[in-house]
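Novice: Okay, so the sequence shown: first residue is 22 according to this note's numbering, each after it adds one.
Quick caveat, the hints were computed from the structure, so don't treat them as lab data. It cannot be assumed that every hint is accurate.
To be verified - Cross-link-like lysine-lysine pairs, in silico, DSS-like; alpha carbons within 30 Å at most:
1. Lys65 <-> Lys155
2. Lys253 <-> Lys157
3. Lys102 <-> Lys163
4. Lys253 <-> Lys238
5. Lys288 <-> Lys163
6. Lys253 <-> Lys65
7. Lys102 <-> Lys115
8. Lys238 <-> Lys273
9. Lys253 <-> Lys163
10. Lys174 <-> Lys102
11. Lys288 <-> Lys319
12. Lys238 <-> Lys171
13. Lys157 <-> Lys214
14. Lys215 <-> Lys163
15. Lys115 <-> Lys215
16. Lys174 <-> Lys163
17. Lys238 <-> Lys214
18. Lys171 <-> Lys115
19. Lys171 <-> Lys288
20. Lys155 <-> Lys88
21. Lys157 <-> Lys238
22. Lys251 <-> Lys238
23. Lys58 <-> Lys157
24. Lys161 <-> Lys214
25. Lys214 <-> Lys171
26. Lys161 <-> Lys171
27. Lys238 <-> Lys88
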Amino acid sequence: KAIKSLQAEGYHIDAVTNKGYRLCPAFDPVNTDEISKEINTKGKNINVYYLDEVDSTNDHVRRLEVKTHEDTLLIAGCQTKGRGRRGRDFFSPKDTGLYMSLLIHTDKTTNNIPHTTSVAATSVAKAIDNIIFKGKDVTKIKWVNDVYIKGLKIAGILCESFSFMEDEDASYIIIGIGINIFTPSDGFPKEIKKTAGAIINNTKNDKVQDLESIRGKLAASICNNLFYYKDKQEDCLAIYRAKSNLIGNYVKINNFKDKKPAKNYSKVIEIDNEYRLVIEDDHGNRQALSSGEVSVVKY
Numbered sequence: 022k023a024i025k026s027l028q029a030e031g032y033h034i035d036a037v038t039n040k041g042y043r044l045c046p047a048f049d050p051v052n053t054d055e056i057s058k059e060i061n062t063k064g065k066n067i068n069v070y071y072l073d074e075v076d077s078t079n080d081h082v083r084r085l086e087v088k089t090h091e092d093t094l095l096i097a098g099c100q101t102k103g104r105g106r107r108g109r110d111f112f113s114p115k116d117t118g119l120y121m122s123l124l125i126h127t128d129k130t131t132n133n134i135p136h137t138t139s140v141a142a143t144s145v146a147k148a149i150d151n152i153i154f155k156g157k158d159v160t161k162i163k164w165v166n167d168v169y170i171k172g173l174k175i176a177g178i179l180c181e182s183f184s185f186m187e188d189e190d191a192s193y194i195i196i197g198i199g200i201n202i203f204t205p206s207d208g209f210p211k212e213i214k215k216t217a218g219a220i221i222n223n224t225k226n227d228k229v230q231d232l233e234s235i236r237g238k239l240a241a242s243i244c245n246n247l248f249y250y251k252d253k254q255e256d257c258l259a260i261y262r263a264k265s266n267l268i269g270n271y272v273k274i275n276n277f278k279d280k281k282p283a284k285n286y287s288k289v290i291e292i293d294n295e296y297r298l299v300i301e302d303d304h305g306n307r308q309a310l311s312s313g314e315v316s317v318v319k320y
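Take the sequences, apply the hints, and build the full model.
Specialist: Structure (structure tokens):
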């Protein structure tokens with residue numbers, strides 16, 4: 022019934038043995054069939070969909086869950102209402118980036134948003150290094166979950182968790198990822214022009230064919246990394262720390278839930294085993310932040 026409902030809405034869907042469902046190739050510029058084959062799901066069936074345009078991949082994949090009740094990867098060509106952390110918009114123009122959301126059913130005992138967010142950042146950074154830069158260590162991670170190249174943000178992540186009213190122990194998590202692969206033809210909006218970047222600074226019109234190939238490879242690699250690193254926390258934490266662009270720098274604490282430190286400027290000492298940012302003020306007082314936003318300052 023769920024699949025028939027989706028087909029009635031315009032989705033062209035084929036069944037893939039032991040894998041779930043995919044969109045038919047004619048409507049599938051990222052080749053969801055190949056992505057489905059490339060993802061090591063460790064026994065999970067994951068439906069892979071592509072749509073040219075959605076409001077928000079996180080919002081849309083949540084609506085799909087109501088119909089299918091299945092694990093799902095949704096990739097979109099663009100977002101009209103892409104969302105970032107703290108209610109911000111995420112700029113998601115057509116023929117420019119990878120916009121995807123992975124919905125995984127879980128239970129509350131394993132549903133740890135801070136850890137999942139950090140694992141997602143590590144997975145995205147490693148996928149970009151491996152797929153685009155042939156394994157070179159190029160990307161950096163700005164705590165908590167932004168991926169940078171040469172001081173510019175090229176990817177953002179929004180993780181959300183939801184529970185079922187009829188079963189309090191069951192839940193699902195949505196990992197939303199937006200990656201700027203190419204520089205937009207008209208550039209970035211004024212409000213993010215100085216801070217946003219792209220993996221490939223190419224605004225030529227012939228980039229679309231390359232984008233289709235890159236999107237599919239990145240999406241599969243990110244999913245595989247997510248499934249791998251969630252069970253390899255020590256490996257993930259080591260990479261996350263090594264890729265941090267904050268350790269050793271002074272930062273300004275912007276918005277956070279933890280108790281405000283004595284001084285607004287603090288030095289980043291480390292990232293602890295819970296992916297918290299450990300900061301130290303001028304008096305040697307340390308504090309571990311579990312959430313919030315920071316910006317590097319000269320001090």
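Novice: It remains to establish, for every hint, whether it holds in the given structure.
Specialist: Quick rundown of the hints versus the structure:
1. Lys65 <-> Lys155: holds, 28 Å
2. Lys253 <-> Lys157: holds, 21 Å
3. Lys102 <-> Lys163: Measuring from Cα to Cα gives roughly 24 Å; hence the hint holds.
4. Lys253 <-> Lys238: holds, 22 Å
5. Lys288 <-> Lys163: Cα-Cα ~15 Å, so holds.
6. Lys253 <-> Lys65: Holds, because 18 Å separates the two Cα atoms, which is no more than 30 Å.
7. Lys102 <-> Lys115: Given that 30 Å is the threshold and the Cα spacing comes to 13 Å, the pair holds.
8. Lys238 <-> Lys273: violated, 37 Å
9. Lys253 <-> Lys163: Roughly 21 Å between the alpha carbons, so the hint for Lys253 and Lys163 holds.
10. Lys174 <-> Lys102: With Cα atoms ~19 Å apart, Lys174 and Lys102 stay inside 30 Å; holds.
11. Lys288 <-> Lys319: Between Lys288 and Lys319 the Cα gap is close to 11 Å, so the pair holds against 30 Å.
12. Lys238 <-> Lys171: OK: Lys238 and Lys171 at ~23 Å, within 30 Å.
13. Lys157 <-> Lys214: holds, 26 Å
14. Lys215 <-> Lys163: Given that 30 Å is the threshold and the Cα spacing comes to 16 Å, the pair holds.
15. Lys115 <-> Lys215: holds, 21 Å
16. Lys174 <-> Lys163: Holds - the C-alpha atoms of Lys163 and Lys174 are around 9 Å apart, at most 30 Å.
17. Lys238 <-> Lys214: Answer holds: Lys238 to Lys214 is near 27 Å, not above 30 Å.
18. Lys171 <-> Lys115: holds, 24 Å
19. Lys171 <-> Lys288: holds, 21 Å
20. Lys155 <-> Lys88: Outside the cut-off at roughly 39 Å; violated.
21. Lys157 <-> Lys238: holds, 17 Å
22. Lys251 <-> Lys238: Between Lys251 and Lys238 the Cα gap is close to 20 Å, so the pair holds against 30 Å.
23. Lys58 <-> Lys157: holds, 25 Å
24. Lys161 <-> Lys214: holds, 19 Å
25. Lys214 <-> Lys171: With a Cα-Cα distance of about 14 Å, the restraint between Lys214 and Lys171 holds, given a limit of 30 Å.
26. Lys161 <-> Lys171: The given pair, whose Cα atoms are some 8 Å apart, holds under the 30 Å limit.
27. Lys238 <-> Lys88: With a Cα-Cα distance of about 28 Å, the restraint between Lys238 and Lys88 holds, given a limit of 30 Å.
Checked against the numbered hints above, the structure breaks hints 8, 20 and satisfies the rest.
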